[in-house]
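Enquirer: These protein sequence lines map, in sequence, to chains H and U.
Quick note, this note's numbering runs 24 ahead of the 1-based positions in the first sequence.
Quick note, this note's numbering runs 1487 ahead of the 1-based positions in the second sequence.
For the record, the hints were derived by calculation from the structure and aren't laboratory data.
Please read these numbers as outputs of a predicted model, since none were measured by experiment.
A few of these clues could be false.
[Said to hold, decoys possible] Straight-line C-alpha distance at most 27 Å; calculated DSS-like pairs for lysine-lysine:
(1) U:K1717 to H:K104
(2) H:K104 to U:K1719
(3) H:K104 to U:K1861
(4) U:K1779 to U:K1596
(5) U:K1760 to U:K1673
(6) U:K1735 to U:K1673
(7) U:K1735 to U:K1832
(8) U:K1578 to U:K1779
(9) U:K1544 to U:K1578
[What the hints assert, rightly or not] Far from chain U, by Cβ distances over 10 Å, these chain H residues were calculated:
(10) N79
(11) F84
(12) G97
(13) A308
All C-beta atoms, glycine included, are put in the ideal place defined by N, C-alpha and C.
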Amino acid sequence: MAVAATSETGARPSRAGRRLAAPSWVGTVPFLAYVAIFLLLPTGIVVVDALKNPNGAWAFSNVTELGNSLVRGYFIGSFKLCLLSSVLGAVLGAILAYAIASGNPDGVVRRLYLAASGVLAQFGGVTLAFAFQVLIGPAVGLLFHASWYYDFPWGIGLIYTYFQIPLMVLVFLPAIDGVKVQWREASENLGASAWQYWRYVGGPLLTPAFLGGLLLLFANALSAFATIQAWENQIAYIVPQQISTALSSEVGLSNVNVADLLALGMVIMVAIVMTGYALLQRRAARWLR
Amino acid sequence: MKLSYRYAAAGVAAAALFAAAGCSSSSSSGSGSSGSSVNWANETSASAGGGMSALVKAAKAEGTLNVIALPPTWANYGTIISTFEKDYGIKVNSALPDGTSQQEVDAVKTENGTAKAPDVLDIGMAVALANTSLFAPYEVSTWSSIPTAQKAPNGLWVQDYGGYMAVGYSSKFGTITSLNDLLSPKFKNAVALNGNPTSANAALNGVMMASLAEGGSASSISDGVSFFGKLKAAGNFSPVSATGATIKAGTTPVVFNWDYLNLPSYVGVTNWKVFIPANAVLGGYYAQTINKNAPHPAAARLWEEFLYSQSATGGQNLWLQGGARPVEQTAMTSDGSIDTSAASKLPAVTGTPTFLSPSQATDAANYLAANWAKAVS
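Same shape as in the complex, but just chain H (with noise of 0.2 Å):
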């Protein structure tokens, strides 16, 4: 995430004697090995089966399929949940994570939204669904009954914001603390005023790392299951809950290789995503150049 650059301030790397004379890739062959296991390897025998019929042999005519008016209709589905449910997250917790990191650093506001974010970032699936239909649900509502939280991605958005939110919090805050109350006591001795200071000053410092949170954001809800399976489930309306229907269908319907196709289509939305997403960034992050 791109909140380190923001909040290490002058600290210079120390080098350590040269003792050993093991090349210098040796030490990233971990990492490189666990990308391959957990990230490549799965990445490529999804793009594989999902170019076969059932039977292991190829066909490629199976891409064809991802411009089903009715697959189409899950990616944009996906997409609407994702964009409403991380736009809405990133911009409500950086407005909260920005109300936090005002108070006392030491406070126990500070420590209680912290902890609570913690947990908060990790609450969804069946228990967030139900919590929300006994809470607010059409039908039984404690608080109150409106049937459009049945109309997606509204009710659903609604409640991904509901760990959206936490986290959000979690990874923006060290970007707001990295910026220093100097900085703004120097603008407004030049003169600036406040709008001013977030344009020029608070805003493109902060900025990268409000997209790399988006980005997360966006992800996260991308990949979540449990919570609209819970929520409305007699319906697929994203991506997931298909893959699941071609997966389990006890009705026939089941077909491994259309849920390869599904998620090899998912892999191609997030690189579109993630190309947005450098794009956007390397304009942000000009001034740092």
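Fit chain U to the supplied structure of chain H, relying on the hints for placement.
Expert: Coordinates of chain U only, in the frame set by chain H:
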């Protein structure tokens, strides 16, 4: 078993298949009808092995029966097991009570040859038909009371109990007399299926039942899909999958599910009613099979005799007391051996039951794959 209740009564086609293959092993082979040297693993009926008393004696000598995936609250299995133990003094080991049909078959394979292997299975039809090579043929003494379409001709599998697709609902809504009642505004966000019909068999049958109620036939599920489209347009369709927890919490106050899973006693809600629309009686049954390498072959066969017994405390009436419809119900109703008070508690039914053939189930699934999401989102 419980989760994969599929291809209800796929019997007809399969039965035809077995008949065509001519592999029916006659029940009266009569080999080895004398004494204690009978190998019950090879006997295809009690009489072939020397009669019921010989079977009871051999089973008692084995002393144990291994069953699997039988939840005590499901279809009265708790009572069925304890009655069997009491009647015959045979200990029943009940493994993995909440297991699925596939897990039952997996256990037969992985524990093959050990004393722990399941002797008998209560299994979903789709899984049964896919694994017939693991089973031993056996015809119980009440064989003739079981409808032909609900058993393999040689007894490799025999359907045991089942139910009809029904609408369970909270009594706060009054009384439902037609599916179209569900379109009224008072059912806002209330009506749920038990899963996604492109994935779960009970949900597919729920849509098919609506199709029959709307005047469609089992060959096409399209009327059912348009009914759920109307429910959605009225704002009454709930996308939440119904479970015991959602029913208790009131999140899904109207549920399409098999009637024996939709009874107040099963869902654990007292103000709960069950309705089966006229001429939309859609059935689904489980089947019994015997492990061909059962560690307790005589006890396994005695268990089957007990389950298909028509006595007041036999398996058929005990299932009925659990809200499930025993496979010999029609025969028992005409000969008077049925527990009439238990039978009268079953949801009332008007019309002849329909059972989906495997090809009808496949057609329905394919139609749903293309049209379900469009109709209800």
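Enquirer: Each hint needs a verdict: does it hold in this structure or not?
Expert: Hints, one by one, checked against the model:
For the given pair, K1717 (chain U) sits about 26 Å from K104 (chain H) by alpha-carbon distance, which is consistent with the 27 Å threshold. As the CA atoms of K104 (chain H) and K1719 (chain U) are separated by approximately 21 Å, the hinted pair is consistent with the 27 Å bound. For a cut-off of 27 Å, the pair hint linking K104 (chain H) to K1861 (chain U) stands: about 17 Å separates their Cα positions. Proposed proximity of K1779 (chain U) and K1596 (chain U) is supported: the alpha carbons are some 11 Å apart, at most 27 Å.
Straight-line distance between C-alpha atoms of K1760 (chain U) and K1673 (chain U) comes to about 16 Å, which keeps the hinted pair within the 27 Å bound. A C-alpha spacing of about 19 Å is found between K1735 (chain U) and K1673 (chain U), which places the hinted pair at or below 27 Å, so the restraint holds. Between K1735 (chain U) and K1832 (chain U), the direct Cα distance comes to roughly 22 Å. Compliance with the 27 Å bound is thereby established for this hinted pair. Of the pairs offered as hints, the one joining K1578 (chain U) and K1779 (chain U) holds, with about 20 Å between alpha carbons and a cut-off of 27 Å not exceeded.
For a cut-off of 27 Å, the pair hint linking K1544 (chain U) to K1578 (chain U) stands: about 14 Å separates their Cα positions. For N79 (chain H), the non-interface assignment is confirmed: its Cβ lies about 18 Å from the closest Cβ of chain U, beyond the 10 Å cut-off. With 10 Å as the threshold on Cβ separation, the claim that F84 (chain H) sits away from chain U holds: the shortest Cβ distance comes to roughly 22 Å. Once the 10 Å rule is applied to beta carbons, G97 (chain H) is inconsistent with being away from chain U; the minimum gap is 7 Å.
Annotated as non-interface, A308 (chain H) keeps its C-beta farther than 10 Å from every C-beta of chain U; the closest such distance is 37 Å.
Going down the numbered hints, you'll see the structure goes against just number 12.
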